[in-house]
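Last residue of the sequence shown: 59 (my numbering), numbering continuous.
Just so you know, the hints here were simulated from the structure itself, not pulled from any lab data. Take the hints with a grain of salt, since some may be wrong.
Claimed, not checked - The calculated lysine to any residue pairs, modelled on SDA-like cross-linking and capped at a C-alpha distance of 20 Å, are: (1) Lys6 to Asn55; (2) Lys17 to Glu56; (3) Lys17 to Ala27; (4) Lys6 to Tyr44; (5) Lys17 to Gly37; (6) Lys17 to Val58; (7) Lys17 to Lys6; (8) Lys17 to Ala51; (9) Lys6 to Ser30; (10) Lys6 to Glu56; (11) Lys6 to Ile47; (12) Lys6 to Ala51; (13) Lys17 to Leu32; (14) Lys17 to Ile59; (15) Lys17 to Leu45; (16) Lys17 to Leu48; (17) Lys6 to Ala27; (18) Lys6 to Gly54.
To be verified - The following label-pair restraints were derived from C-beta to C-beta distances: (19) Asn4 to Ile33: 30 to 40 Å; (20) Glu56 to Tyr7: 32 to 42 Å; (21) Asn4 to Ser30: 27 to 37 Å; (22) Gln34 to Asn4: 12 to 22 Å; (23) Tyr9 to Ser30: 27 to 37 Å; (24) Tyr44 to Gln11: 12 to 22 Å; (25) Gly54 to Tyr9: 28 to 38 Å; (26) Met10 to Glu52: 14 to 24 Å; (27) Ser13 to Asp46: 17 to 27 Å; (28) Asn4 to Ile59: 14 to 24 Å; (29) Tyr44 to Asn20: 11 to 21 Å; (30) Tyr9 to Glu52: 32 to 42 Å; (31) Gly37 to Asn4: 20 to 30 Å.
In this text, a Cβ means the ideal position worked out from N, Cα and C, and glycines have one as well.
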Amino acid sequence: ILMNTKYHYMQFSVSPKISNVLSVHQAIQSTLIQVFGVADRSIYLDILWVAEEGNETVI
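Using the sequences provided together with the hints, build the complete structure.
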C-alpha cells in the first residue's frame with residue numbers, strides 16, 4: 001500500500017515475540033545504538049502498532 005504522506009512507516013517481523021510496546025522500543029533503540037553507535041536520546045521512534053501475538057510491529 002502506498003500512502004501519500006511526508007512520513008515513512010516500516011513494518012517489522014519480530015523474533016523472539018515481544019508484545020510490550022516499551023520492550024519493542026527499547027529493543028529497536030538498542031539495536032540502532034549497536035549498529036550505528038548513536039546515543040539513545042537522539043533517536044525518535046514512534047511505535048504505531050504491535051501485533052497482539054507480538055510477532056510484528058509498525059514504526
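Now the hints, each set against the structure:
1. Lys6 to Asn55: violated (27 Å)
2. Lys17 to Glu56: holds (8 Å)
3. Lys17 to Ala27: Roughly 11 Å between the alpha carbons, so the hint for Lys17 and Ala27 holds.
4. Lys6 to Tyr44: Judged against 20 Å, a Cα distance of about 16 Å means the pair holds.
5. Lys17 to Gly37: violated (25 Å)
6. Lys17 to Val58: Holds, because 14 Å separates the two Cα atoms, which is no more than 20 Å.
7. Lys17 to Lys6: Roughly 30 Å between the alpha carbons, so the hint for Lys17 and Lys6 is violated.
8. Lys17 to Ala51: holds (9 Å)
9. Lys6 to Ser30: violated (26 Å)
10. Lys6 to Glu56: violated (23 Å)
11. Lys6 to Ile47: holds (17 Å)
12. Lys6 to Ala51: Violated. Lys6 to Ala51 sits at ~25 Å, over the 20 Å cutoff.
13. Lys17 to Leu32: holds (19 Å)
14. Lys17 to Ile59: holds (16 Å)
15. Lys17 to Leu45: holds (19 Å)
16. Lys17 to Leu48: holds (17 Å)
17. Lys6 to Ala27: violated (26 Å)
18. Lys6 to Gly54: With Cα atoms ~28 Å apart, Lys6 and Gly54 exceed 20 Å; violated.
19. Asn4 to Ile33: 30 to 40 Å: Check passed, 32 Å falls within 30 to 40 Å.
20. Glu56 to Tyr7: 32 to 42 Å: violated (19 Å)
21. Asn4 to Ser30: 27 to 37 Å: Taking Cβ atoms as reference, Asn4 and Ser30 lie about 33 Å apart, which means the hint holds.
22. Gln34 to Asn4: 12 to 22 Å: Distance hint for Gln34, Asn4 is violated at roughly 34 Å.
23. Tyr9 to Ser30: 27 to 37 Å: violated (21 Å)
24. Tyr44 to Gln11: 12 to 22 Å: holds (18 Å)
25. Gly54 to Tyr9: 28 to 38 Å: This hint is violated: roughly 19 Å between Cβ atoms.
26. Met10 to Glu52: 14 to 24 Å: holds (19 Å)
27. Ser13 to Asp46: 17 to 27 Å: holds (19 Å)
28. Asn4 to Ile59: 14 to 24 Å: Roughly 19 Å apart at Cβ, these two residues keep to the hinted range, so it holds.
29. Tyr44 to Asn20: 11 to 21 Å: About 19 Å separates the Cβ atoms of Tyr44 and Asn20, which means 11 to 21 Å holds.
30. Tyr9 to Glu52: 32 to 42 Å: Violated - the Cβ-Cβ distance for Tyr9 and Glu52, about 19 Å, lies outside 32 to 42 Å.
31. Gly37 to Asn4: 20 to 30 Å: Given a distance of about 34 Å, which is not inside 20 to 30 Å, the answer is violated.
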